[in-house]
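Undergrad: For the record, the sequence lines run as chains Y and V.
Using this note's numbering, read the first sequence as starting at 1 and increasing by one per residue.
Using this note's numbering, read the second sequence as starting at 1 and increasing by one per residue.
Straight-line alpha carbon distances no greater than 27 Å define the calculated BS3-like cross-link-like pairs of lysine-lysine that follow:
{"#": "1", "chain 1": "Y", "residue 1": "Lys60", "chain 2": "V", "residue 2": "Lys54"}
{"#": "2", "chain 1": "V", "residue 1": "Lys334", "chain 2": "V", "residue 2": "Lys389"}
{"#": "3", "chain 1": "V", "residue 1": "Lys54", "chain 2": "Y", "residue 2": "Lys65"}
{"#": "4", "chain 1": "Y", "residue 1": "Lys205", "chain 2": "Y", "residue 2": "Lys123"}
Quick caveat, the hints were computed from the structure, so don't treat them as lab data.
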Amino acid sequence: MRGTLIVSAHGSDEQMEARLLLVRINSVLQFVLIFLTIIRSYVHASTTGQAGYVDKYITKTYFEKHDSLIDPEFDNFIANEIPLTLCKVLEDGNCVLPTLSNLHRSVIGEGSHRHLSSSIIFKFQPELKIKLVAHSCEVIMTERLPSGVFADPFELQHLVQRGVFSDAAVFGDTNLELPSFRSNRSVVEIHMSIGSKMLSRHHDKFEINCEVPLHARYPPLGLGFSRVEFGQPDLFMCCSLEVNGFKRSCAYLPTNNISDYKASPLAWEIPCGIREHAGVVSAITYCFALVSALLIVVLSFCYTDNKGSSKPKSL
Amino acid sequence: MPGISFQSLFIFSALFRVFLIIYGEWQDANMEVRYTDIDYFVFSDAATLMASGKSPYERSTYCYSPLIAFLLMPNSFLHQTWGKFLFSASDLLVGLLIHRILKLRGVPEKLCTYSTMVWLFNPFTFTIGTRGNCEPIICSMILWILMCLMNGHVLQAAFWYGLVVHMRIYPIIYALPIVLLLDPQHFQPGKKPVLVEWSSRALKPSSATSSSKTSITQYIWNFCINMITWRRVMFGIISASTFFFLTGLSFHLYGWDFLHEALLYHLTRTDPRHNFSIYFYHIYLHYEHEFSILEKLISFLPQFIVQLVLISRFALDLPFCLFLQTLAFVAFNKVITAQYFVWFFCLLPLILPWSNIKLVWKGLACIILWIGAQTNWLAWAYLLEFRGKNVFFQLWVASLLFLAANTFVIINTICSHLYSPLFQQLKQGGKLKQGYERI
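Use the sequences and the hints to build the structure in full.
TA: In structure tokens:
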């Protein structure tokens, strides 16, 4: 806020004093502004763990600043707001990290409860193997779910307890009951450890398979089925290094060079209510309820208390 | 059928439930599909939060009174099955109370035992407690209230009534019949109300006195004139005070989260997802816009009319009235889930000794139609939810058939019931006003 102060050209003592006062006020305001900017940066660094390190969940930081998931804002968040310092911490000037060799995605199952399956193959240089095992590295996958599907956070916790993932969480709209047109999108974050067992299978690559259980919300009304399309996940490599007090450092692993996704976007067809049914369904529902109620009412009034004249059941 | 002692039946039921709880733990640990109800994990998580000083409403989908979470706090420091044992014990208590209530009304021991078996050996009821659903606690409280009224302990009944309405809203529908029953002709100072014996169900009211048909009208007339009686006022004050105290305390501790989740959610719930109610598809098709006041009134009208008529006709035969009211309430509700069926299952054994319905074929027809309609609905729901077929219309038709089956059961139950007021009418001075003569 650089204000330009327009001061009268008249050169009386009072006007000179007024001019000096305004300049001082301007300086104070600018000082306050700089101070607030420093405070904001400090707070920002605190919410991302300590400066240069990432908290337990990458996505949590996004939802601390935003109310809902908007793709361009999330892209900007990944590009500019996550401290991706893994290379620096590994003291690897060439930043030789595993690269994504293949990413195969599919939706498994039928009905409203399915699994989003991701098979990810990484290639790496053999000398990196020791570092990956030594530094408790893991692959973090953030899945931006389309509007219309959701993940149950408690179901994911059950999978974590069973050892399927090393950690998992859902951020955004986790209301399990609302239909899609009354709910917002959510993000699932899955953590998968890179263990020595995984790395020992091949000399220069490892594979991670991840199946995330998802559930369909009731879609907007249509002609029969509503189509929900999945985008690409965001992948990160994160390691906790002893030399840095086991703070987590991450690097982003780009997926846009994989052609698998671009060929055919992943889709899920969810049955939806048919708008044309509305009039008939409402009319018949009301009438049926009323007729059933009237039958009970009529019979109740016709019921006589002389049932005692009927032969009671014998034992 | 050889005689079975109630004690043997009770012990066997208890052991069976213990076995189911242990089996449930094994299944949860070793199989993909869990035995335990998902709601039990919700209760447990909420109880753990409460035990650590936090709000149970931090657990999403926990929409019950904090008392439920409080009762399950030992899950976190004793054993995770504490709640299941508590719910199963309540389930057994329901069986015990059914037996006691029937004995109080003079039902022969054999018939008492057979009627109690309808609860204890109902596959639905013995799984619901062992899977970790809290409905048996509510059922046991409803039956306890009935017993208190039968023993003349009105104030105690009022306390428990306020408590049960705080825990579950639906028993509010019992308020009017209970208040109608607290008539000075039944309750007189210093005297217990006199129960009508089961053996007199074959009798018709004496011609010297007014018939029961007009006496209901007379009761309603007396009620309007003598609405304000000491017992009715005290029942209202104590039950309302209990309800508001518990609700106020919960609000003080947990704020608007409690009010929204435990109270307002149930009062305003309109779930568009498929359930047994005939309204689910209608709600889904109109979910994008709000319902008008007129539409809300029209959907409430059948429920309201049925409840009012059932109360006005059968209030004095309280167990029968409560059964019919509950069955009708569930059948006409905007949302019906399977756990609601327990609400009337616990009252069914109380009316069986007064029913003329023959198992072959009318009784079987009711059972087959009710289960058949449910199975039909479940089949279409399976196609929708697990096969992804668009069968919304067929599922909605199945829900209409289910309402038809419920209506059929209600009608047949009324037709075959031997009306028997719970209490005898007393003159001033405690003498019986209404006698009975043999046919």
